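With the hints as constraints, model all of the structure from the sequences given.
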Amino acid sequence: MLQPISSSATARGSTLPDAVDFLIDAQASLPKADEKKPFARCPEPPDFRVKEAFKQSLATIYKYTQNTVAEGLQALWSDFQIIFERDPAARNWLEVLLCYPGLHALVWHRFAHWLNLKRLPIIPRLISALARFLTGIDIHPGAVIGKGVFIDHGMGVVIGETAIVGDYALIYQGVTLGGTGKESGKRHPTLGKNVVVSAGVKVLGNIQIGDNVRIGAGSIVLQDVPPDCTVVGIPGRIVRRLGQRLDPLDHGKLPDTQASLLQELLKRVERLEKQLQTLHIGSYRRTLEQERDGDSTCKSSPAPENSYQNDVYTV
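Everything in the sequence shown is counted per the numbering used here, starting at 24 for the first residue and increasing by one.
Just so you know, the hints here were simulated from the structure itself, not pulled from any lab data.
Computed list of lysine-lysine pairs in DSBU-like fashion (alpha-carbon distance at most 30 angstroms, straight line): (1) K216 - K170; (2) K209 - K170; (3) K141 - K170; (4) K141 - K209; (5) K141 - K216; (6) K205 - K141; (7) K205 - K216.
A quick note: this is a predicted structure, and the numbers were derived from the prediction, not measured.
Printed below as a string of structure tokens:
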């Protein structure tokens with residue numbers, strides 16, 4: 024006979040993990056049939072509270088399954104609608120359904136993620152590999168993707184196993200949400216809501232990206248970013264916060280050292296030319312003054328008498 028369970032055990036099954044654990048424990052506690060006496064009397068029926076706990080556990084699993092499917096369909100509908108809000112090239116629903124690889128990748132991923140939650144082996148990874156082959160977007164089945172996510176263009180996007188992407192995130196091509204090393208556990212970034220990740224961005228490690236963050240193209244982010252910030256550069260640095268610029272090295276106003284050097288050289292050449300011109304003018308003036316002084320000296324002094332002529336006349 025099964026041992027009566029305590030009153031606290033009947034509360035088990037309120038959540039999915041508790042329901043599954045209870046069913047496993049209950050199955051393990053069932054008496055095994057005697058192989059030597061196959062026609063022996065069946066064990067006594069289980070306690071009434073055990074039956075109620077079984078019912079509650081099964082109801083929890085059914086409710087969780089229904090909620091998961093409903094949430095998945097709602098997320099897909101949000102993924103479809105957000106495309107028209109963020110992409111001016113989206114003209115009609117048929118074009119979006121057939122020609123947007125980001126939407127296709129999210130459809131495949133949500134199905135693979137649902138199977139992964141059920142701990143089904145191999146098949147979720149096969150679906151992920153198929154989606155990568157068809158769309159060029161690699162999303163691990165274990166990644167958690169919020170609703171209303173838009174992957175624009177999408178080629179080369181990689182999202183790791185423990186990554187979390189918040190609702191209404193915008194991800195462009197070439198983005199990597201990856202890890203740093205071979206550590207286990209949570210090793211990929213977490214993106215908040217309304218995050219914009221531009222083309223070629225690498226967000227690496229178990230870091231937190233706050234809500235409403237914008238990451239400039241080609242940036243590499245290795246540290247946490249608070250909400251309502253703009254990040255650019257390698258490594259990524261915060262240049263705007265709450266709409267105010269924090270760093271004079273703005274993304275579109277980075278200094279050009281070569282241009283600055285050429286401008287300084289041109290200014291120096293101009294100064295040298297002015298100095299040379301001043302020196303030439305001064306030397307020319309001095310030359311003119313010397314010539315004038317020489318002419319005046321020649322005019323004021325009388326010419327010397329010709330002694331030869333005097334000698335001739337005297338002879």
